[in-house]
Amino acid sequence: MLAEMPLLETALERELATLAFGRRYGKVVELVGTMLKVAGVQVSLGEVCELRQRDGTLLQRAEVVGFSRDLALLAPFGELVGLSRETRVIGLGRPLAVPVGPALLGRVLDGLGEPSDGQGAIACDTWVPIQAQAPDPMRRRLIEQPMPTGVRIVDGLMTLGEGQRMGIFAAAGVGKSTLM
Numbered sequence: 001m002l003a004e005m006p007l008l009e010t011a012l013e014r015e016l017a018t019l020a021f022g023r024r025y026g027k028v029v030e031l032v033g034t035m036l037k038v039a040g041v042q043v044s045l046g047e048v049c050e051l052r053q054r055d056g057t058l059l060q061r062a063e064v065v066g067f068s069r070d071l072a073l074l075a076p077f078g079e080l081v082g083l084s085r086e087t088r089v090i091g092l093g094r095p096l097a098v099p100v101g102p103a104l105l106g107r108v109l110d111g112l113g114e115p116s117d118g119q120g121a122i123a124c125d126t127w128v129p130i131q132a133q134a135p136d137p138m139r140r141r142l143i144e145q146p147m148p149t150g151v152r153i154v155d156g157l158m159t160l161g162e163g164q165r166m167g168i169f170a171a172a173g174v175g176k177s178t179l180m
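Counting from 1, one number per residue, gives the positions in the sequence shown under UniProt numbering.
No lab work stands behind these hints, which were simulated from the structure alone. Note that the structure is predicted; figures quoted are calculated from it, not measured. Note that beta-carbon positions come from the ideal geometry of N, C-alpha and C, so glycine has one too. Be a bit skeptical, because a hint or two may be false.
Claimed, not checked - What follows is a set of in silico ranges between Cβ atoms, one per label pair, in the way DEER data are often shown:
1. F67 with P115: 47 to 57 angstroms
2. D55 with P135: 40 to 50 angstroms
3. M158 with P129: 46 to 56 angstroms
4. M138 with L58: 33 to 43 angstroms
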């Protein structure tokens, strides 16, 4: 029956991956600066963990960045306001991944791949780890169509093409945002 509903099957697989089986949870034993030391959790380097309050409320997510004796060292992805010795750490069993696919078109994401545009969850079937192999630039399609910017100096001296990647680097206050 699930084979007839691939979106539901994918969503269930993703949800099952977040459940805490066995020793996938631990507790914070020390906080030094922004580095958390966690005991009792079996995790791998690069794995994402959730920091949850005693009532189950999600406090923050963090990444396993190292080990010290029997402790896992975690780097949080944001502020730790509300963290306590009662905070439970749950290993998700996977690295940080972001959704990819047509559902992303026109959406605004934060640095963790979560929607920040108020339009709800993103329904993508494919999730790619952020530590993935970079695509081969020689296999990208050729840029054939010019893209006029409306800025004469850019169009005249540095023609851009549709689909081209371009970085705009300059000191603060010189008009990068205005140019865009």
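Hint by hint, where does the structure go against what was stated? Just the numbers, ascending. 1 and 3
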